[in-house]
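Q: In case you want the letters, here they are:
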Amino acid sequence: MEKTELIALTRRFLGDVAAKVWTDAELGRFIDEAANAYAEDAECFHASFSFFPAVDGGYEYPENMICLLVAWNRDGENIAPQAHHDLIADEIAKKGVPKFIFDDLNDPGRFRLSPDPEDIQEVTPLEVDEWGEIIDGGQWGVIDDGFGVVLDADGYTFVGDVEYVRSAAPEEIRDYLALVYHAMYQAYSTDAEFANPRMAQLYLERYRRRVAMFGQVKHQNAGVSRAGNFY
Amino acid sequence: MAVSAFAALRGKLREEIRDDFSLQWTDTALDEIINEAQREWALFTGALVGKIEITANERGTFAAPVDFFEPLRMVTPDNRDVPIVSWRRLNADHGDFRERTGDTPEAVCFDFDGYGIFRIFPRIPAGKKIGTLFYHRLPRMNTLEADDAVAVAAHALYQLFRAENKAQAENHYNDFWDRVNGRARSSQTLRNRKNMRHGVYY
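Listed in order, the protein sequences are those of chains X and W.
Under the working numbering, residues 1 to 231 are what the first sequence spells out, in order.
Under the working numbering, residues 232 to 433 are what the second sequence spells out, in order.
You may find that some hints are simply not true.
Unchecked claim - Calculated lysine to any residue pairs in the SDA-like style (CA-CA distance at most 20 Å, straight line):
(1) Lys-99/X <-> His-325/W
(2) Lys-3/X <-> Ala-260/W
(3) Lys-282/W <-> His-325/W
To be verified - From the derived model, a few chain W residues whose C-beta atoms are all more than 12 Å from chain X:
(4) Glu-263
(5) Arg-270
(6) Arg-329
(7) Leu-391
(8) Asn-396
Keep in mind that the hints were calculated from the coordinates and are not lab data.
It should be emphasised that the depicted structure is a prediction, and the values quoted were computed from it without experimental measurement.
C-beta atoms are modelled at their ideal positions from N, C-alpha and C, and glycine is treated no differently.
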């Protein structure tokens with residue numbers, strides 16, 4: 001559902017079709033916040049990226065990342081998340097195929113791999129012709145401007161990739177009534193004369209119920225479902 | 232259930248809210264509300280089922296239909312069930328399961344590539360018929376597909392009274408849930424939906 005339709009639906013549920021109490025901008029903010037909450041609670045929107053090293057050996061999380069789902073190295077093995085204090089100092093300094101991933105303590109939003117794949121992640125300059133096309137063509141990891149003109153003419157050896165849980169835009173969320181309920185919870189929680197803590201709690205509870213029950217967010221346990229029966 | 236049943240429900244709602252002359256709610260607005268109520272009913276009962284035929288492609292991933300909201304089961308052409316397996320189980324058993332190839336489907340995974348996209352494990356050669364996916368679906372618009380029009384009406388009345396900030400909205404909401412829960416508990420209804428609920432119930 002489009003965001004304008006979501007705002008209109010929220011207005012209908014709030015009984016404020018004439019926009020006397022809440023502005024479109026306010027309701028739009030509530031909807032965006034509801035979408036963030038839904039993506040975090042449901043964890044059903046995923047994306048992936050391959051490892052690109054920074055000069056100092058750290059890697060950046062994408063801006064829309066909520067949490068890590070799974071990571072694999074080039075050998076198909078899991079790269080396991082580790083707390084920094086669980087790693088032995090020697091492990092942190094090792095070079096090789098990565099087996100662990102941990103947060104960079106000095107820099108929130110960045111992470112490091114252990115062993116450090118610096119030595120195996122070769123960066124090789126690519127030959128580029130004068131109008132910006134790679135002469136060899138089709139190199140993995142090369143960034144262009146969307147029109148085939150190469151901006152960064154270095155090729156990176158693949159060392160591993162990550163599947164992660166990401167945030168979502170309101171338009172992506174099929175259970176739009178959950179967004180409406182969360183927006184209503186926020187609206188009734190506003191510090192104003194029309195605040196209504198009882199209604200706010202009621203709609204927060206309805207939102208949570210939908211997150212728990214709706215098929216979009218049924219967290220599948222590490223098991224097998226055969227023909228409707230869950231083992 | 233046909234279009235005429237939908238119009239009949241609209242008429243019933245008009246009587247309930249005493250708006251016989253469409254002074255407060257147009258037909259279009261009421262239709263939106265009924266569609267929303269039926270959608271809610273379908274979501275929580277899982278009573279509507281659709282199916283699609285799956286043929287292998289090069290990627291191994293497939294987009295679910297737009298009316299899909301939950302998988303039901305997958306059956307191969309030789310009537311064998313393909314189990315629905317979480318990516319966590321595939322990862323535990325096979326490591327990086329994305330690149331595994333094979334000739335027969337061993338599992339179908341719905342929780343890895345994002346909502347609405349499913350993956351067949353292992354990847355089957357493109358062009359081979361894999362089977363039929365049955366899934367819980369959303370209802371069609373402006374057509375009464377629900378076999379419980381009373382539940383749909385209850386939710387529609389909840390929406391209508393909620394829009395007018397009237398307290399009886401909650402009574403109709405409770406009526407809706409009573410009908411939905413009663414359906415799941417009844418031994419006389421054919422249940423397509425398993426009773427196990429995953430996740431945390433608040």
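Q: None of the hints should be skipped; say for each whether it holds.
A: Hint check results:
1. Lys-99/X <-> His-325/W: Holds. Lys-99/X to His-325/W sits at ~16 Å (cutoff 20 Å).
2. Lys-3/X <-> Ala-260/W: 18 Å, holds
3. Lys-282/W <-> His-325/W: 29 Å, violated
4. Glu-263: Given a closest Cβ separation of 9 Å, the condition is violated.
5. Arg-270: 8 Å, violated
6. Arg-329: 8 Å, violated
7. Leu-391: 10 Å, violated
8. Asn-396: 4 Å, violated
The structure does not agree with the numbered hints 3, 4, 5, 6, 7 and 8 stated previously, though it agrees with the rest.
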